[in-house]
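K.L.:
One-letter residues, chain by chain:
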Amino acid sequence: MKNLIKLFSILVLFFFTVTQSQSAEKVDYLKTDWSFKGLFGKFDRGSLQRGYQVYTEVCASCHSMKYLSYRNLGEKGGPEFSQAEVKAIAASFEVIDGPNADGEMFERPAKLSDKFVMPYDNVKAAQAANGGAYPPDMSVLVKARGGGVDYIYSLLQGYEDAPSGMTLDEGVHYNKYMYGNKIRMSAPLSDDLIEYGDGTKATVEQMSKDVTTFLMWAAEPHLETRHQMGFKAIIYLIILTILVYFSMKKIWSRVESEV
Amino acid sequence: MSDHEYTPTSKVGKWFNDRLPLLTLANHLTDYPTPKNLNYWWTFGGILTFCLITQIVTGLTLAMHYIAHADMAFESVEHIMRDVNYGWLIRYIHANGASMFFLAVYIHIFRSLFYGSYKSPREIIWIIGIIIYLLMMAAAFMGYVLPWGQMSFWGATVITNLFSAIPLVGEGIVTWLWGGYSVDNPTLTRFFTLHYLIPFLILGLVVLHIWALHVPGNNNPVGIDIKKPSKDTVPFHPYIVIKDGFALLMFMIVFAFFVFYSPNILGHADNYIEANPMVTPAHIVPEWYLLPFYAILRSVPDKLLGVVAMLSAILILAVLPWLDTSKIRSAVFRPLYKQFYWILVADVLILGYMGAMPAEGLYLLIARVATAYYFLHFLVILPVLGFKEKTLPIPLSITEPVLGGSTNLAMAKNKESLDK
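Protein chains in written order, with my numbering: chain G, 1 to 259; chain D, 1 to 420.
Possibly wrong hints are sitting among the right ones.
As the list claims (entries may be wrong) - Lysine-lysine pairs mimicking DSSO-like chemistry, simulated, CA-CA at most 27 Å apart: (1) G:Lys250 to D:Lys388; (2) D:Lys390 to D:Lys338; (3) D:Lys228 to D:Lys327; (4) G:Lys87 to G:Lys66; (5) D:Lys388 to G:Lys249; (6) G:Lys232 to G:Lys42; (7) G:Lys76 to G:Lys37; (8) D:Lys327 to G:Lys250; (9) G:Lys66 to G:Lys111; (10) G:Lys42 to G:Lys31; (11) D:Lys388 to D:Lys327; (12) G:Lys76 to G:Lys42; (13) G:Lys249 to G:Lys31; (14) D:Lys338 to G:Lys250; (15) D:Lys231 to G:Lys249; (16) G:Lys250 to G:Lys31; (17) G:Lys111 to G:Lys87; (18) D:Lys327 to G:Lys249.
Calculated directly from the structure, the hints in this document are not laboratory data.
Just need the whole structure built from these sequences, with the hints factored in.
P.N.:
Below, the structure is given as structure tokens:
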């Protein structure tokens with residue numbers, strides 16, 4: 001048993017070093033309480049719905065989200081819009097389908113099974129419209145940035161005047177959380193930029209939090225299931241481990257040796 | 001193989017066993033006499049078998065949904081994560097399973113180093129183990145390429161480019177590996193093929209590894225030869241099976257924490273950005289389990305010599321049974337070796353840390369010193385230590401310490417206090 005405790009503490013220490021060394025380049029991001037962190041973490045449904053509103057009214061004019069479908073908005077563990085709402089959302093977008101029987105492509109309102117409509121036809125078009133910078137696809141953006149949600153949340157609020165002595169090119173902005181502090185995107189949020197359907201006051205902080213929550217869900221749509229299943233799995237394993245431990249003790253009591 | 005004859009009790013069993021002795025094999029595996037003083041460091045063999053099977057089963061499932069094409073690989077992974085039933089679970093088990101596999105294999109290797117399990121008569125077990133370790137690294141590297149993210153692409157570019165260091169034919173070999181003039185679709189498809197093949201090669205080698213183990217039997221913490229079967233041994237089943245099972249469950253709890261609560265912590269964020277040959281990531285870093293060797297590679301200023309150093313760092317392990325000149329296996333009875341052993345552990349951890357840091361300034365200097373020490377340990381310290389070291393007297397059997405009254409009792413007590 002002594003050995004086992006030693007072994008376990010070495011494991012813990014080891015992973016501590018590993019994770020420490022990976023997050024060596026630490027920046028102090030703005031902190032907020034994320035409801036989806038922790039063993040029982042769940043998304044705040046209201047925040048997800050507001051976050052979708054921010055995404056669709058602000059971000060979506062430049063940023064695509066090509067791995068999501070409209071049906072996802074109504075699925076369990078997500079914003080959970082009602083089926084009617086999701087259908088209405090989908091129908092407000094036009095997609096190109098075809099070819100039809102005459103060999104012609106045609107436009108039709110989007111259906112639940114369609115992927116999110118992209119703001120630009122391709123990467124080149126997106127670059128051309130944004131001064132050469134490609135607004136990254138947001139489907140897995142949270143997982144594609146070192147600081148994750150804290151980074152995105154901070155970045156959205158990190159716009160400041162450039163410190164004296166720093167010259168910025170045309171169309172480049174200063175952001176204290178951006179890698180290299182220079183960002184092509186202008187500050188996307190300002191107080192009361194949008195009007196929330198549920199009456200929440202649309203401060204920059206509130207919108208940042210909501211849209212980041214929405215992006216987290218977009219990147220990890222099964223996060224809630226994962227947390228629930230994980231808790232059950234670990235409880236099951238712990239109980240089984242205890243039972244096996246006592247069986248082991250009993251079996252080994254037949255021989256003169258310590259386990 | 002065990003010496004006693006086995007005869008199935010049933011007639012059908014006997015008929016079958018005379019034609020294919022599977023029942024004899026099963027009997028051998030359950031009765032296999034195992035030293036009863038094995039500690040928990042010995043449970044990692046079973047844990048590794050579990051890791052291999054987990055990787056194969058989850059990998060097969062992923063392969064049913066994954067598309068090995070440069071334009072579709074990234075998307076197909078997202079399809080697995082979003083739309084395949086429990087695809088996220090299977091992928092996270094597979095991705096974190098690779099890390100857990102390496103964690104277990106490093107413990108397994110360092111256990112061998114501590115207790116001298118690589119020494120005569122177990123050299124073949126050890127060498128097969130090193131080959132398995134090499135294949136594991138190849139499989140892990142190619143597996144990391146498959147999602148076709150930025151780290152996949154640039155990792156593949158950096159590692160395959162190492163071959164260009166070979167004089168004269170290097171460039172040709174790299175083109176041949178790539179199947180073109182850069183890492184592209186042909187590279188991805190062949191990596192997928194090899195990634196699918198290697199686990200089965202490992203499986204075959206694991207069978208040989210265990211077969212070779214069952215000839216001399218297990219080493220043990222005291223490191224002495226024991227009579228089998230005797231009062232020093234217990235049958236594999238149920239004693240070792242239940243103990244391995246218990247340790248495996250503890251391991252699975254750690255595994256589950258990673259899968260369910262921080263599935264991406266061991267990966268690199270850049271791999272969630274689709275591969276882009278036009279944009280190089282700021283830092284190209286391999287997975288944590290390859291970092292010590294990456295540090296060795298970068299600490300040598302010359303490219304060819306760096307590659308040679310990196311490969312030597314692994315291959316030197318294969319000749320370890322002959323570099324270690326000491327006749328005593330277990331570090332318990334080798335006071336000096338024990339200290340050097342822990343210095344080596346620290347050295348490898350330092351190398352790992354330096355591998356994750358940029359190769360410049362103080363980091364590079366420390367990495368160079370650590371690289372030099374790594375080779376010094378194997379090439380100088382170990383051979384010399386075998387002749388110079390004054391070892392403690394070893395007991396005659398593993399039960400002797402508990403019998404009492406022997407001349408070795410004082411020493412045995414000493415050993416126990418060391419264990420505490």
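K.L.:
Does the structure keep Lys388 of chain D and Lys327 of chain D at a Cα separation of 27 Å or less?
P.N.:
holds, 12 Å
K.L.:
Hinted pair, alpha-carbon criterion (27 Å max): Lys249 of chain G, Lys31 of chain G. Please report holds or violated.
P.N.:
It is violated: about 47 Å lies between the C-alpha atoms, which goes past 27 Å.
K.L.:
Regarding the pair Lys250 of chain G and Lys31 of chain G, is the alpha-carbon distance no greater than 27 Å?
P.N.:
violated, 50 Å
K.L.:
Are Lys111 of chain G and Lys87 of chain G close enough, with their CA atoms no more than 27 Å apart?
P.N.:
It holds: about 7 Å lies between the C-alpha atoms, which stays within 27 Å.
K.L.:
Below or equal to 27 Å on CA atoms is what counts here, so check Lys76 of chain G against Lys42 of chain G.
P.N.:
holds, 12 Å
K.L.:
Hey, Lys338 of chain D versus Lys250 of chain G, does the alpha-carbon distance stay inside 27 Å?
P.N.:
Violated, at about 34 Å.
K.L.:
Quickly compare the C-alpha distance for Lys42 of chain G and Lys31 of chain G to 27 Å and report which way the hint goes.
P.N.:
holds, 18 Å
K.L.:
Straight-line Cα separation of Lys228 of chain D and Lys327 of chain D no greater than 27 Å?
P.N.:
holds, 21 Å
K.L.:
Check whether the Cα positions of Lys388 of chain D and Lys249 of chain G lie no farther apart than 27 Å.
P.N.:
Measuring from Cα to Cα gives roughly 42 Å; hence the hint is violated.
K.L.:
Quickly compare the C-alpha distance for Lys66 of chain G and Lys111 of chain G to 27 Å and report which way the hint goes.
P.N.:
holds, 15 Å
K.L.:
Between Lys250 of chain G and Lys388 of chain D, is the straight-line Cα distance small enough, at 27 Å or below?
P.N.:
Violated, at roughly 45 Å.
K.L.:
Assess, step by step, whether the Cα of Lys231 of chain D is no farther than 27 Å from the Cα of Lys249 of chain G, and give holds or violated.
P.N.:
At roughly 19 Å apart (the allowed maximum being 27 Å), Lys249 of chain G and Lys231 of chain D satisfy the hint.
When each numbered hint is compared with the structure, violations occur for hints 1, 5, 8, 13, 14, 16 and 18.
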